[in-house]
Amino acid sequence: MANNLSDGRFRIVLAVDAINPDLKRMVEYLNAMSGPATSIIAVAYARLSDQETDILMPRIYGEELAEAKSAADAGRKPTWTIESFRSWLGTNSPSNLEKFNHFTAQAAASGLTFHGSTSISPTATFAILAPDNTRLGTLSLIAYTGQNTSVELDFYRVSRMEPQQRATIAGLSELPATIAGIPGMERVGERLSATGFANRKNTPLTELPDESIQQLIGVLAALQTQT
Numbered sequence: 326m327a328n329n330l331s332d333g334r335f336r337i338v339l340a341v342d343a344i345n346p347d348l349k350r351m352v353e354y355l356n357a358m359s360g361p362a363t364s365i366i367a368v369a370y371a372r373l374s375d376q377e378t379d380i381l382m383p384r385i386y387g388e389e390l391a392e393a394k395s396a397a398d399a400g401r402k403p404t405w406t407i408e409s410f411r412s413w414l415g416t417n418s419p420s421n422l423e424k425f426n427h428f429t430a431q432a433a434a435s436g437l438t439f440h441g442s443t444s445i446s447p448t449a450t451f452a453i454l455a456p457d458n459t460r461l462g463t464l465s466l467i468a469y470t471g472q473n474t475s476v477e478l479d480f481y482r483v484s485r486m487e488p489q490q491r492a493t494i495a496g497l498s499e500l501p502a503t504i505a506g507i508p509g510m511e512r513v514g515e516r517l518s519a520t521g522f523a524n525r526k527n528t529p530l531t532e533l534p535d536e537s538i539q540q541l542i543g544v545l546a547a548l549q550t551q552t
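Sequential numbering of the sequence shown, starting at 326, is according to the working numbering.
Treat the hints as calculated values from the structure; they're not laboratory data. Be careful, since some hints might not be right.
To be verified - What follows is a set of in silico ranges between Cβ atoms, one per label pair, in the way DEER data are often shown:
#1 N417 / E477: 16 to 22 Å
#2 A430 / N345: 56 to 62 Å
#3 R384 / A430: 53 to 59 Å
#4 S420 / T520: 26 to 32 Å
#5 A343 / A452: 51 to 57 Å
#6 E477 / R384: 53 to 59 Å
#7 T404 / T520: 27 to 33 Å
#8 R336 / S409: 25 to 31 Å
#9 D379 / T404: 46 to 52 Å
#10 I337 / R411: 32 to 38 Å
#11 R411 / P508: 23 to 29 Å
What the hints assert, rightly or not - Mimicking EDC-like on lysine to aspartate or glutamate, the simulated pairs with C-alpha atoms at most 20 Å apart in a straight line are:
#12 K526 / D457
#13 K526 / E499
#14 K349 / E392
#15 K526 / E515
#16 K526 / D479
#17 K349 / E388
#18 K526 / E511
C-beta atoms are modelled at their ideal positions from N, C-alpha and C, and glycine is treated no differently.
All chains, full assembly: derive it from the sequences and hints.
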């Protein structure tokens, strides 16, 4: 029960005198509008008499809808959190765990927000924003079973901007050269420069010194505060 309450899993049973078309529509509406972990059924009891014995016979509406929602909910993939990502690395890729902890701590300290995916393998993204909160790109951590966790920079949105628009965002034009100057990120910066921000390249997390992780996150976070 405690797990169901914490996860927001509820089955609401409406005890009614009669199941009529209006009630059916209401049950269907409530099931459609409530979350996948909440289901609503209606129950009406009919009294039957057998000699001196009274029997209450239930008539239920909405059970099939509720079961369909429960099945769909059971099939949902969980969203990766920092804790579940960390736990997965501890079991499957322990060599990446220390770097992951350093990376996420630096991101949190710099104001970059962790967003977990629902992919099978752990994946997390951090939005890279301009001062007006325009989305410039995405910094990703992608874990591969039996391989390194990789860092990826995606600035495809910037590659679609007009040069005049890029020029209005402080630090953006110099960003490829700045990234190329970070140890371990040289080829990433070179690719961004050569392709006008269109190309993206994965870098193994374990190949980045702690100082490089700090520099990279600091440079990306600064795009939102520079004026």
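Each hint tested on the structure:
1. N417 / E477: 16 to 22 Å: holds, 19 Å
2. A430 / N345: 56 to 62 Å: About 59 Å separates the Cβ atoms of A430 and N345, which means 56 to 62 Å holds.
3. R384 / A430: 53 to 59 Å: holds, 57 Å
4. S420 / T520: 26 to 32 Å: With Cβ atoms ~31 Å apart, the hint holds.
5. A343 / A452: 51 to 57 Å: Cβ of A343 to Cβ of A452: about 52 Å, so the range 51 to 57 Å holds.
6. E477 / R384: 53 to 59 Å: holds, 56 Å
7. T404 / T520: 27 to 33 Å: At 32 Å between Cβs, range holds.
8. R336 / S409: 25 to 31 Å: 27 Å Cβ-Cβ, so the 25 to 31 Å window holds.
9. D379 / T404: 46 to 52 Å: Between D379 and T404, where Cβ atoms are some 50 Å apart, the hint holds.
10. I337 / R411: 32 to 38 Å: Since the Cβ atoms of I337 and R411 sit about 36 Å apart, the hinted range of 32 to 38 Å holds.
11. R411 / P508: 23 to 29 Å: holds, 25 Å
12. K526 / D457: violated, 27 Å
13. K526 / E499: Status holds; Cα separation ~18 Å.
14. K349 / E392: Measuring from Cα to Cα gives roughly 16 Å; hence the hint holds.
15. K526 / E515: With Cα atoms ~10 Å apart, K526 and E515 stay inside 20 Å; holds.
16. K526 / D479: Distance ~8 Å between K526 and D479 Cα, so the pair holds.
17. K349 / E388: holds, 11 Å
18. K526 / E511: holds, 11 Å
Hint check: a violation occurs at hint 12 only; the rest are consistent with the structure.
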